[in-house]
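**Q** Sequence:
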Amino acid sequence: MWQLKDPQPVKLIVGILAANHQCLHSAVDMLSDKFGRIDLSSEEWHFNQTDYYNDEIGTRILRKFVSFEKLIDPGKLAKIKILANKYEQKLAKSLSLPLPRPINLDPGIIEPSKLILASTKNFSHRIYIGKKMYAEVTLVYDKGKWRHFEYTFPDYKQECYWEFLSKVRVRLVEQLKRYNARKK
3 MWQLKDPQPV
13 KLIVGILAAN
23 HQCLHSAVDM
33 LSDKFGRIDL
43 SSEEWHFNQT
53 DYYNDEIGTR
63 ILRKFVSFEK
73 LIDPGKLAKI
83 KILANKYEQK
93 LAKSLSLPLP
103 RPINLDPGII
113 EPSKLILAST
123 KNFSHRIYIG
133 KKMYAEVTLV
143 YDKGKWRHFE
153 YTFPDYKQEC
163 YWEFLSKVRV
173 RLVEQLKRYN
183 ARKK
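Quick note, my numbering runs 2 ahead of the 1-based positions in the sequence shown.
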């Protein structure tokens with residue numbers, strides 16, 4: 003008989019697109035209230051790889067990533083995406099900007115070998131993960147570097163993102179060593 007194994011915990015990461023600095027800081031505060039202490043935070047970058055979000059977020063979009071200290075069960079990604087969507091709506095109301103969606107929250111998980119992002123939209127490369135949510139492997143970590151796919155969003159192909167994601171990955175590997183040592 004095959005013995006099933008529990009999955010290793012993973013690192014929660016959230017990509018934030020924001021209309022301005024106030025929106026960005028409000029999103030970070032809300033996320034840390036819900037998911038706990040942020041252990042790593044990226045620089046703020048201008049998001050200009052596409053105009054897809056301009057009607058919702060505006061034309062001067064900021065991008066930032068945060069990761070959280072506490073490791074999570076990877077099976078919770080669908081639930082976290084649902085919460086992220088609710089937080090977007092709550093922030094849109096509280097910020098009172100003339101934009102329908104001044105914040106976009108994209109949760110994902112990092113394992114030592116990959117970055118997985120959650121989505122509300124199905125596509126050929128996405129897998130259903132329950133609760134009307136889908137997930138895709140956006141990047142893989144192979145031979146010491148991040149590698150993208152044909153379908154990977156253009157901004158996720160940037161070295162500056164990879165540098166930050168590598169820091170998150172290093173922190174995860176350190177945490178998993180301690181986690182696995184405690185389990186023995």
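Among the hints, erroneous ones may be present.
[Said to hold, decoys possible] Quick list of simulated restraints, FRET-style, between CB atoms: (1) Gln5 to Ser34: 31 to 41 Å; (2) Phe125 to Gly77: 15 to 25 Å; (3) Pro100 to Lys179: 28 to 38 Å; (4) Gly38 to Gln160: 24 to 34 Å; (5) Gly132 to Gln160: 40 to 50 Å.
In short, the hints are calculated from the structure, not lab data.
Owing to the predicted nature of the structure, the values given are computational and were not obtained by experimental measurement.
All C-beta atoms in this analysis are idealised placements derived from N, C-alpha and C, irrespective of residue type, glycine included.
**Q** State for each hint whether it applies.
**A** Status of each hint after checking the structure:
One distance hint, 31 to 41 Å for the beta-carbon pair Gln5 and Ser34, holds here, with the actual separation near 38 Å. Against the hinted window of 15 to 25 Å, the Cβ-Cβ separation of Phe125 and Gly77 comes to about 21 Å, which satisfies the hint. Under the hint 28 to 38 Å, the C-beta atoms of Pro100 and Lys179, about 49 Å apart, miss the expected range. In this structure the hint that Gly38 and Gln160 lie 24 to 34 Å apart at CB holds, the actual value being about 28 Å.
Taking the beta carbon of each, Gly132 and Gln160 are about 31 Å apart, not inside 40 to 50 Å as hinted.
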